[in-house]
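With chain A held as given, fit chain B onto it using these hints.
What follows is the residue order along each chain.
There are 2 protein chains.
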Amino acid sequence: MLGVQNNLFWVVPSSAVIALIFALIFFKQMMKNSEGTERMAEIAAHVRKGAMAYLKQQYKVVIIVFIILTILFAVMAYGFDVQNRWVPFAFLTGGFFSGLAGFFGMKTATYASSRTANAARNSLNSGLRVAFRSGAVMGLVVVGLALFDISLWYVVLNLLIKNGDPARKMEIITTTMLTFGMGASTQALFARVGGGIYTKAADVGADLVGKVEAGIPEDDPRNPATIADNVGDNVGDVAGMGADLYESYAGSILATAALGTAAFMNNPKMQASAVFLPMIIGAVGTLLSIAGIFAVRTREDISQKKLLGALSRGTNLSSVLIMVLAFIVLRVLKIENYAGIWLSIIVGLVTGWAIGKETEYFTSAAYKPTQGIASKAETGAATVIISGIGTGMLSTTFPVLTIVIGTTLAYLAAAGWHFSNMSMGLYGIGIAAVGMLSTLGITLATDAYGPIADNAGGNAEMSNLGEEVRKRTDALDSLGNTTAATGKGFAIGSAALTALALLASYVEELRIGLLRLGQTTIEAGNQLVQTTAASLTDFMVHYDVTLMNPKVLMGMFIGAMMAFMFCGLTMTAVGRAAGNMVDEVRRQFREIKGILEGEAVPDYARCVEISTRGAQHEMLLPSLLAIIAPITIGLIFGVPGVMGLLTGVLSSGFILAVFMANSGGAWDNAKKYIESGVLGGKGSEAHKAAVVGDTVGDPFKDTSGPSLNILIKLMAMVSIVMAGLTVSWTLL
Amino acid sequence: MLGVQNNLFWVVPSSAVIALIFALIFFKQMMKNSEGTERMAEIAAHVRKGAMAYLKQQYKVVIIVFIILTILFAVMAYGFDVQNRWVPFAFLTGGFFSGLAGFFGMKTATYASSRTANAARNSLNSGLRVAFRSGAVMGLVVVGLALFDISLWYVVLNLLIKNGDPARKMEIITTTMLTFGMGASTQALFARVGGGIYTKAADVGADLVGKVEAGIPEDDPRNPATIADNVGDNVGDVAGMGADLYESYAGSILATAALGTAAFMNNPKMQASAVFLPMIIGAVGTLLSIAGIFAVRTREDISQKKLLGALSRGTNLSSVLIMVLAFIVLRVLKIENYAGIWLSIIVGLVTGWAIGKETEYFTSAAYKPTQGIASKAETGAATVIISGIGTGMLSTTFPVLTIVIGTTLAYLAAAGWHFSNMSMGLYGIGIAAVGMLSTLGITLATDAYGPIADNAGGNAEMSNLGEEVRKRTDALDSLGNTTAATGKGFAIGSAALTALALLASYVEELRIGLLRLGQTTIEAGNQLVQTTAASLTDFMVHYDVTLMNPKVLMGMFIGAMMAFMFCGLTMTAVGRAAGNMVDEVRRQFREIKGILEGEAVPDYARCVEISTRGAQHEMLLPSLLAIIAPITIGLIFGVPGVMGLLTGVLSSGFILAVFMANSGGAWDNAKKYIESGVLGGKGSEAHKAAVVGDTVGDPFKDTSGPSLNILIKLMAMVSIVMAGLTVSWTLL
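Protein chains in written order, with my numbering: chain A, 1 to 732; chain B, 1 to 732.
Just chain A, same shape as in the assembly (with noise of 0.2 Å):
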């Protein structure tokens, strides 16, 4: 390790340990608070139990799918030699950390709900705050875990991996330091589709009767599903979106560090600025972070609508310094074309910042498209979901095509115009992914601030704390459900880019697979090329990944598939799932007499119950498919095949995630747009209407929407560890 780098490098483990303290400090400080009257807290214990029943019986399952998939790994190294050795170890903790991280987060989560409600009954700001810091915790966990594994691996493998050639020292490093992306990703998908499924299966089944039949309120303590249906919140939204998240920065990271050492091939010392730049921003913006949540102070009597300014100006605050802070990094680092490299940095905040304000100007009351859609329920719930799916699929023009100008713009301004630099350009579309995650620590905080402010006025309607008190926590969710928008244009953005950086890491491992076997040269164009010297057309060329090779097209038609029929599983699971939540509440309507009179208790833990079982039952097959598929098309159609397959799905994927969120998102605003009082409001036949768009946007935004985006990272992911098998054995 070298000069100046090294003494950098020192400061990601730091940040990372400095992130976990502040974590726990306003963990600490959240715990201080009461959780109110003893009914309050009886019914934040119901949550946290089902929350914690559910991970545990999740982590079950995940456990065993990790034995199986650590097994075949470790066979694949330790017996046919097609895989680095250290291959099992760092996909075994990608998937311990992220699971941790959404332990913690949820953990905070449900502690948080009650105390969140109980300081609302003595102001919003107070609320507020009680939320926010609550949401920093996770969002400190997450980047804390994350820079805390990648700096422990980047050590080990550092003293473990003997080679003598620098530059192939970090290439080896870097590529294994992949495959705890993969157990993140695993982790993260199961997360995803687990808690997607269990949310709007306690969500639709508990809306249809409650809400439809027996007419009674959401949150209502006469329906038996809303325990189970606050649950979900926890689940889906903030383990979830923890697991998420955790996996897009450790993915944008890591793919970003392995394309740093293509792209200085033959410069070591280059190459380790390269490899530690991603990390230091990683670890700057986790600093910034945490300036930024001290920065949301709120004096005691302001407006909703400052509010909302206080949680912008925390992130706006970590947004520019990082920008400024890049710039002396890469001064620091010396990195060639420094300019180039922290204009693409920019590109990614950019980017990022403009997706989510797409996202918010299609999903939000405030604007046109979504009051279009509420106006279409006049004429019935057929119009509004015409509309909604109209409005939703033209949504994906403006956020495709600022990823393709910000994509466009980071390559030209890390290789220079013309693309003739490509390595240096791909390494720009990582750097970009990674300044638009680069804060993520605040980000994460105001969105994970938004289910906890929903369960808090779930436990405000449960505790019958009064009119006043809903108030105040409906406020809180409203702010939340305006800075989800946000998230979710981040977390969509970052996984595009993430994605396109690990399609080109691919490449790399192939590399790595190659030189493993022996294979000192490829043949590119009936040119013979140094394999350890070939770039990243040579190898395109010499795989034949050309777009009139067939076996890239059937790849990418299988890709392209892929995400709708993930999409279609896990529609059809939250269905199922939330039919038998349906027959569930039905027949304790039924059977449990004075339940509606509110004389009988229902029995929550039942419904808990069948929304985990079928939340844990319908998930195994679609993520399994994400991992088989890499798999099995690498080995019949190749190298070639595996490439279209992951711009298949990332293409196609990418896009049918954001019209689902948007449509989803767009119904839900439409109907509360109703409720606010327009065309008839609450109870009107156009409320109806919109209540109908609101129940099928449920699985379109929080379960198959947000899944694709861990889908396209996972196939990505899976082929990269893969790759050794694939370059070793291939049918067609």
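No lab work stands behind these hints: they were computed from the structure. No experiment lies behind these values; they were computed from the predicted model shown. Note that CB positions come from ideal geometry on N, CA and C, so glycine has one too. Watch out, some of these pointers could steer you wrong.
Derived SDA-like pairs (lysine to any residue); straight-line CA-CA distance at most 25 Å [unchecked claim]:
1. 28/A to 96/A
2. 672/B to 576/A
3. 688/B to 576/A
4. 688/A to 685/B
5. 211/B to 684/A
6. 211/A to 683/B
7. 682/A to 360/A
8. 471/A to 683/A
9. 357/B to 343/B
10. 688/A to 680/B
11. 688/A to 586/B
12. 60/B to 621/B
13. 305/A to 478/A
14. 688/B to 214/A
15. 682/A to 688/B
16. 28/A to 126/A
FRET-style restraints, in silico, Cβ to Cβ [as the list claims (entries may be wrong)]:
17. 339/A to 160/B: 42 to 50 Å
18. 676/B to 71/A: 23 to 31 Å
19. 678/A to 617/B: 55 to 63 Å
20. 678/A to 24/B: 58 to 66 Å
21. 678/A to 600/B: 30 to 38 Å
22. 676/B to 309/A: 57 to 65 Å
23. 678/A to 628/B: 34 to 42 Å
24. 405/A to 320/B: 51 to 59 Å
25. 468/B to 601/A: 54 to 62 Å
26. 71/A to 675/B: 52 to 60 Å
For chain B alone, coordinates are given in the frame of chain A:
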């Protein structure tokens, strides 16, 4: 021109003329039937007048677009010499003949509906015969005109193009002829989009006010939108589908001819055979279709199931015979690897058949998926929609795998194991598409029969012909739904294969473009290759059309997005146009006293006008975007961008088309399933929920879904025609 091929070639124009003669005979036979009562004739006249008024208006708009594009092509050809000078004329005839096919088809259909209804007064069987023979007019006009235009241009270009090298000459002829495909695509897109918006605006509008609000049955003469609804079936399902398949048919033959020149570049004699083969297969298939049409004979007293058997017998006979005759044609033409190519043709036929069966499985109420959707109606509209979308997305798995397996087999059969001869393999894919479409004459007949039967039912209802006749027309209609499933499979499957073939032809067009610019060599992997002898892979390497090139990836993103944006535009267009229709129908119910009591006649013409204006207004933007996008991407990102764009729109668009068609079809049949008496039957809450699904499905299956097929092909055609411009000028 050479020996036996030369003589065989004349089979093509001859069978075109024979097909047109039989179309005329069937038309005259149909016209001899009585129109029935005065009321029936009057209603038929209303519908015919509305349909013709629509077509006139549509052609007016399309002519303007054609004039502008022709001027553009002329400027490019004569002013800047980046294009062949025959392009503007070929483009025009393609559009003209496609329009003519639509015109004849619709004229026949609108004359046939009252005659079918009248024949159904005698027996089910006579109704079938009139409807089927009228459908046959459409089928034969489409294939006849396509083969006629192809032969005409082949002869004309052969006489006019002066080039000593026969291989070069054949290349210029076949690539020029592709532009006639672009004319057909442009016409088809407007027909599908305009017709699709028209028919669903009228249908949704009529249903929302008539069935849902006023509670009157479908096709009730008291509904002001009912004539517009019947007009819509003609302009959407007859004229739109005719133009669509005309375009697939011509496109697949022309693309395969272009691939034939590429596959046998150094063997002029074999090359001529390879160019003629798709034309001759088409010609032989046409003659067999006529034979098949005559084979559809039924006795007077048979059951509905046997009627279906009679229809299938005709189609099956043609399909089996074409397998035998294709082998003989291949032997006579003495094409290299004739056994392999024969296998490709069979693979194409089987693929088309399999996709049809899969479509039937996922959309027919006889099978589990649709029954499952219907059962969700018991928990309301939201679960019907969730389940329909989920099932539709899942259903894409099978057609995609079928296309992937079919394409791979067709490729391998023609190219040999291990994908060694790429040009031959792609020729195999093209010829598989030709094989699939070879018996289009009769498949289209069974397909066009559906809307005729549907309209006959409308006529019977409006003419108060009584329960018995309506039951018979319903039986005919439901028979049409089954054949329509197969037809849709054909349309989608052939579009995918044709688009793959067009993608390959694009490279041929690049070659012509480079030669026109005087570029005699291209650089492929540091090697100079003669442009005339460069392989497809050489071109890919030269232009760096690999999956690591960000221009390719950006093109893919935009291509995939185009499919969603296009659907979004057409979905919201239907929503808007249907909204106007709803307002108008409500206005008439309110202002014209006595409509609902049957004492006053509604203003049908006003509704027809509203649908016509809405469709014309709304079709322009999506259609023009399809033309502008490939040109713009070509100018910015060059050849890699265009190829990324085409593969992106192909993979996403194909799957989106299957999803939308299947969801829509399944909702339609789930509703009919409930109407058949299960789950409470007509009028129950479940039925109301299913009606919402059906209404949402209308634009899915009849507007957005089918238009996507043409979008894909049109974008490929535009790229092909603009290849000259793309190679001479690009920004990045």
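Does the structure break any of the earlier hints, and which numbers would those be?
-> Violated hints (numbers, rising): 17, 18 and 19; every other hint is consistent with the structure.
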